[in-house]
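2 protein chains.
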Amino acid sequence: MARENGIRAEIVAVGSELLGADRLDTDSLYLTGELNRRGIAVRRKHVVGDRRADLAETLREALGRADLLIVTGGLGPTEDDLTREAAAEALGVGLERSAALVERLRAYFARRGAAMPERNTKQADVLAGAESLANGWGTAPGQWLERDGRALVLLPGPPRELRPLFAEQVAPRLESWLRRRLGREPEPIVMVRLGIADMGESAVDEIAAPIYSAFDGIETTILAARPGEIELHLRAPASEEPRLHALRERLQAALGLAVYTSQGLALEAVVGEQLRRAGQTLAVAESCTGGLLGARLTAAAGASCFFQGGVISYSNDAKQALLGVAPETLARHGAVSGAAAGEMAQGARRALATDWALAITGIAGPGGGSEAKPVGTVFIGLAGGAKVEVVERRLVGERERIRQWSTTIALDRLRRALAGAAAA
Amino acid sequence: MARENGIRAEIVAVGSELLGADRLDTDSLYLTGELNRRGIAVRRKHVVGDRRADLAETLREALGRADLLIVTGGLGPTEDDLTREAAAEALGVGLERSAALVERLRAYFARRGAAMPERNTKQADVLAGAESLANGWGTAPGQWLERDGRALVLLPGPPRELRPLFAEQVAPRLESWLRRRLGREPEPIVMVRLGIADMGESAVDEIAAPIYSAFDGIETTILAARPGEIELHLRAPASEEPRLHALRERLQAALGLAVYTSQGLALEAVVGEQLRRAGQTLAVAESCTGGLLGARLTAAAGASCFFQGGVISYSNDAKQALLGVAPETLARHGAVSGAAAGEMAQGARRALATDWALAITGIAGPGGGSEAKPVGTVFIGLAGGAKVEVVERRLVGERERIRQWSTTIALDRLRRALAGAAAA
Chain A
1 MARENGIRAE
11 IVAVGSELLG
21 ADRLDTDSLY
31 LTGELNRRGI
41 AVRRKHVVGD
51 RRADLAETLR
61 EALGRADLLI
71 VTGGLGPTED
81 DLTREAAAEA
91 LGVGLERSAA
101 LVERLRAYFA
111 RRGAAMPERN
121 TKQADVLAGA
131 ESLANGWGTA
141 PGQWLERDGR
151 ALVLLPGPPR
161 ELRPLFAEQV
171 APRLESWLRR
181 RLGREPEPIV
191 MVRLGIADMG
201 ESAVDEIAAP
211 IYSAFDGIET
221 TILAARPGEI
231 ELHLRAPASE
241 EPRLHALRER
251 LQAALGLAVY
261 TSQGLALEAV
271 VGEQLRRAGQ
281 TLAVAESCTG
291 GLLGARLTAA
301 AGASCFFQGG
311 VISYSNDAKQ
321 ALLGVAPETL
331 ARHGAVSGAA
341 AGEMAQGARR
351 ALATDWALAI
361 TGIAGPGGGS
371 EAKPVGTVFI
381 GLAGGAKVEV
391 VERRLVGERE
401 RIRQWSTTIA
411 LDRLRRALAG
421 AAAA
Chain B
1001 MARENGIRAE
1011 IVAVGSELLG
1021 ADRLDTDSLY
1031 LTGELNRRGI
1041 AVRRKHVVGD
1051 RRADLAETLR
1061 EALGRADLLI
1071 VTGGLGPTED
1081 DLTREAAAEA
1091 LGVGLERSAA
1101 LVERLRAYFA
1111 RRGAAMPERN
1121 TKQADVLAGA
1131 ESLANGWGTA
1141 PGQWLERDGR
1151 ALVLLPGPPR
1161 ELRPLFAEQV
1171 APRLESWLRR
1181 RLGREPEPIV
1191 MVRLGIADMG
1201 ESAVDEIAAP
1211 IYSAFDGIET
1221 TILAARPGEI
1231 ELHLRAPASE
1241 EPRLHALRER
1251 LQAALGLAVY
1261 TSQGLALEAV
1271 VGEQLRRAGQ
1281 TLAVAESCTG
1291 GLLGARLTAA
1301 AGASCFFQGG
1311 VISYSNDAKQ
1321 ALLGVAPETL
1331 ARHGAVSGAA
1341 AGEMAQGARR
1351 ALATDWALAI
1361 TGIAGPGGGS
1371 EAKPVGTVFI
1381 GLAGGAKVEV
1391 VERRLVGERE
1401 RIRQWSTTIA
1411 LDRLRRALAG
1421 AAAA
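Top line first, the protein sequences correspond to chains A and B.
Position one of the first sequence corresponds to residue 1 (the working numbering), numbered consecutively onward.
Position one of the second sequence corresponds to residue 1001 (the working numbering), numbered consecutively onward.
Bear in mind the hints are in silico, worked out from the structure with no lab data behind them.
Heads up, some of the hints might be wrong.
Pairs of lysine to aspartate or glutamate residues, derived as DMTMM-like cross-links and limited to a Cα-Cα distance of at most 25 Å, are as follows [what the hints assert, rightly or not]:
1. B:Lys1122 with B:Glu1146
2. B:Lys1122 with A:Asp67
3. B:Lys1122 with A:Glu206
With these hints in hand, go ahead and build the complete structure from the sequences.
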């Protein structure tokens, strides 16, 4: 835990909708990232509904423990928006209505051609002693209050308001407060994200743990990021940056080609960059994934310079008509077979006139499995140059996991082939 | 809040990984759903790391407030797994090692051909007075403890262990406890989920609020579920079921064809069911969505009886070669145009010999927009029978949002066409 500077933060998310079965507090992930980058650890998080007594009690308890308390949500204009009132109660201070803020709110509505509803005036109530934080993206201003060396921050819940408000208004105050708290310039935290494809979490840990455990003071986290992908996060204070990179290099050497990025890039972005650099193009042929691989390749803008498109060959007719898979192949080996995967890849490459093509066919389940080909059996075909390479995998998990995992294996086959071609 | 029975629950999720910037506690959503169905409201949620003092303090505070406290995680065999110890400390009771549980653990490892590591024995420690809850899906048993009419439940964190363990071991104990607490049979909660496509949240609320606000005692929640989709959740005790359905009917009548389900089905499942019932087939042609519509149609098993497949026509070459879009159409109107969308739909229908075809072409951004066709401009083509229908939309948001939203509009166009055909 060397990355911590001893400052203890807590986050309270306010809103009854966050206590239901449908919605999680995602603001705290963003805030935690921003705090961690500044060496501040989040020690507890809380979710509390729109009951004033619950909210005031939660805030009172957290204020008794935390050096820094960030509260999100409950700053709207409705009766249910009680964060201001509860914070005043918890702190034992009053709320003061700011005439300047009332004017700002009126102007906000006027710009939209509307009169300000009367109820919005309560958004101009500021905790005694607090600074108001102008919100250019909505009606709810934030608040910043320091007392006895501790800081309380109130922020609106919607991410499109919270994030820019944090960056513009909170970050500079936070850094100044941190400087004063620590009595020195706070040391920034540096982070490295290694992405590892097609290796299990325990296999990665078995190789990585003996290495990283020798690097005291560098915090290492293993995350099962997506099916078939593992992330290793390395974090250290900036003064440890040379050692951080020494650790990164040792991990990369030990994990070899399984590491697809040391810069936190997505696997599809790495493959896209390889293709761009080689000036080559790609097509896909998808059966059980139904378009998921194409969707993943086009999730980020800019894919058009290497991705031509593909065929979703869900039915056997489509495999024959659009990809030219031979009826005998389907009859003899089945649509889920190495032979079919190979012909699908060749067919997509031919139909879209590309340098490379990836094909996926498999049994994503829950039905359709057999003893010879149980649910999770997946064949990946890769066509390029004069070669067609096919791999078979037995994946474990639910349908969506098997589908996602298949796209990762497919992308990783191409990545390894492109890396080999570049090295040759 | 008529659905509540006055029982106050809190949930504590344990694990330092849940205090980072990458991972949220999703167990609490599942647990909240299970509790709400039994009329129990969750009043607060907490996340706390693997520090024993923090954990014990959080549990002590929550035990002082909650009638029912569920703690997830921290039941593993490592040094960081401290939930048992912290709960014992918070309750002021001892831990007793169960010889029977040690035997069970040994047997668990033996079945996997391994000796039990010594450290796993601590998983056999049970709070004095607690029942151990057998975990058939992993090594960490749960625990159930009643004291002074209150209940404490410890559960393992991994969802694939927590969920079956809850269903098998916790649910019956919870219901028995609830019966004793309330001194009567607990009244189950009934719930209706209306799905509404292609209408904004405020437009839905404007129509729905005057209706549901006249139904006291039925809790109504509006959720912006996915881009372009709104959910209305209606909840009431079982005794109110006739009024719940009266409300549902009034909402359906007022919202009309925009309601695609009153049974909580996904939009793609509704469309799939319509096609199945009509014995008709579907193909897709996707440009900016890159396969997302196909992926969505095949997310649930069973799509093969209506979904033939499609073409991902990311490049203009693919639009011409695989869908037969005329070069003049692309030259005169551009690839993002109503004419192109119409020809793409017709081409997909022809290539895959289906009854219907949906096509999507648009500018998902962030680049590529112009004054005439800004980012978010999307054309949806629907071919079926002798007709081709094209709609144009201007969607707002980030790239992934625009792509998701486009697939919803496409599915909804087909749903409305099929509903019209069925009514005719």
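* Asked: What are the numbers of the hints that this structure violates, sorted from low to high?
  -> 2
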